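Q: Taking our numbering, I'd label the letters of the sequence shown as residues 6 to 473.
Honestly, the hints are just simulated from the structure, not real lab data.
You may find that some hints are simply not true.
[Unchecked claim] Here are the computed distance ranges between Cβ atoms for each label pair:
no.	residue 1	residue 2	range
1	Ala312	Val40	44 to 50 Å
2	Gln378	Arg29	23 to 29 Å
3	Glu380	Trp96	52 to 58 Å
If you're wondering where the values come from, they're calculated on a predicted model, not measured in any experiment.
Ideal Cβ positions, reconstructed from N, Cα and C, are used throughout, including at glycine.
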Amino acid sequence: MDLRPAATALLEGEARALLTRLNRVRPFALHETMVPAAAPSAAAQSAIERFLMEGRSRLRHRVGAYLEWLEGPGGDRDPEWQQHQFSLLRWEFNSVLSHFDVFSEAVTQRSEHDVGVQLAGLDVAAVDALVTPGTPLADPPPIICYLARGPGGAIRRVHTRIPGGGRSPVSLIRIPRERMVGYGIGSSLVHEVGHQAVAQLGLLGSLRPVLYDIERHAGTAAERSAFRYWGLTLSEVLADLFAVGKLGIGGTLGLMAVVSLPRRLVLAPALDDPHPFPYIRVRLSCAVGDALYPHPQWQQLSALWAALYPPHRAPRELRELTGILERSMPRFVRLLASHRPPSLSGARLADLMPRSSRTPALLLTRYRRWLRQPELLRTAPPTLVIAVLGQARAASLITPEEESRLLGELITHWALSNTLEALSAATVAPQRGAGLHRSAAPPRGATSPNGAADNRQPVPAHPAERTR
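Sequences and hints are given; from them, build the entire structure.
A: Spelled out as structure tokens, the structure:
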């Protein structure tokens, strides 16, 4: 019995059904209801829609070609081969739908009351944390933030592979819902942004050989073990450095809030975890803060953490590891701060941070001035605002309730002002073909209250390069 006609008819119907389902997938812009201030940036929306449309277009072309093949020479092939070709189409169809799902949650949350606008404000803060003129970070990728359950944040960096194949057209940052209070917001957000910065600057590729060389030439087994551990956790260490560098003590306080877990989890390293175990991670964050912004507060905070989780309560093996890591910490921190990756054209990693505006004294001075002139809060860059409020909280000058309320209002303001600025830009330059564009840059007025630009200066060149 010849089953080819029946197989052809069956698979033709299945292929046409795929097209029917594919045609029901509409662009987000046609079925998501959100207020303008909650919308992702125009660059992010455009990148996502273009990515998804290209995938659907390729699939439609392939399904059409398959149907033509079935009507022609494919109709004479055996059912097994016809099914094999269809299974490949089905695989690609599922990939296209999975691509839609990757971005669906992040975009759909923009329609939630209040949440959508807050997320748009975090988009602005994320861009502010990343942009650094004069470096590969001068032109940030589109960024979209969204919320998720659980204690940990995450990032799907731009151009990284996504389920079903292909590479993400945007940087997708997941913030835990429980972190949407106080300095916890900024700490989680800037840590994840730090991962994007680390990738764009190629820091893992430039630092790991240095750590490996130290490990290989170590004079003692303890030193060798310490730098092997730092190499294994380098990615997370650098993201933590980025958070402290941008937010000061607020970055460390936010980290402490995340890893304030039962003692057995804080004092228990996991060999397969890319994060330093919580006890040493907080101690390292304090050491980094003291190197970038020297002040007694860092040693005090580090001592407080040791009092909350006394290391002598840990098993003997862990006490030995903790001692080894803490003895190596000063050298490791100096190495990080003084590292000159090729991507920074001779500048140090420490020079990437806005050190002239993040010292504890300057942050508190700014806070006191903002108390007298609250309107200055709305013209300051988002990461500076978060750093100032975090320092004020550390100094007990602001209550947790007031910090959370004020930061919530400012996040909404960042979203609204960014939207209005984009609308204004679109209306004043229509002759240049300017469509509605949500600027990727932070809101205007991003200068310090003293009139000096904040977080916008290019990283200085190495002295040997400045004469060029």
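Q: Each hint needs a verdict: does it hold in this structure or not?
A: Hints versus structure:
{"no.": "1", "hint": "Ala312 x Val40: 44 to 50 Å", "result": "holds, 47 Å"}
{"no.": "2", "hint": "Gln378 x Arg29: 23 to 29 Å", "result": "violated, 54 Å"}
{"no.": "3", "hint": "Glu380 x Trp96: 52 to 58 Å", "result": "holds, 57 Å"}
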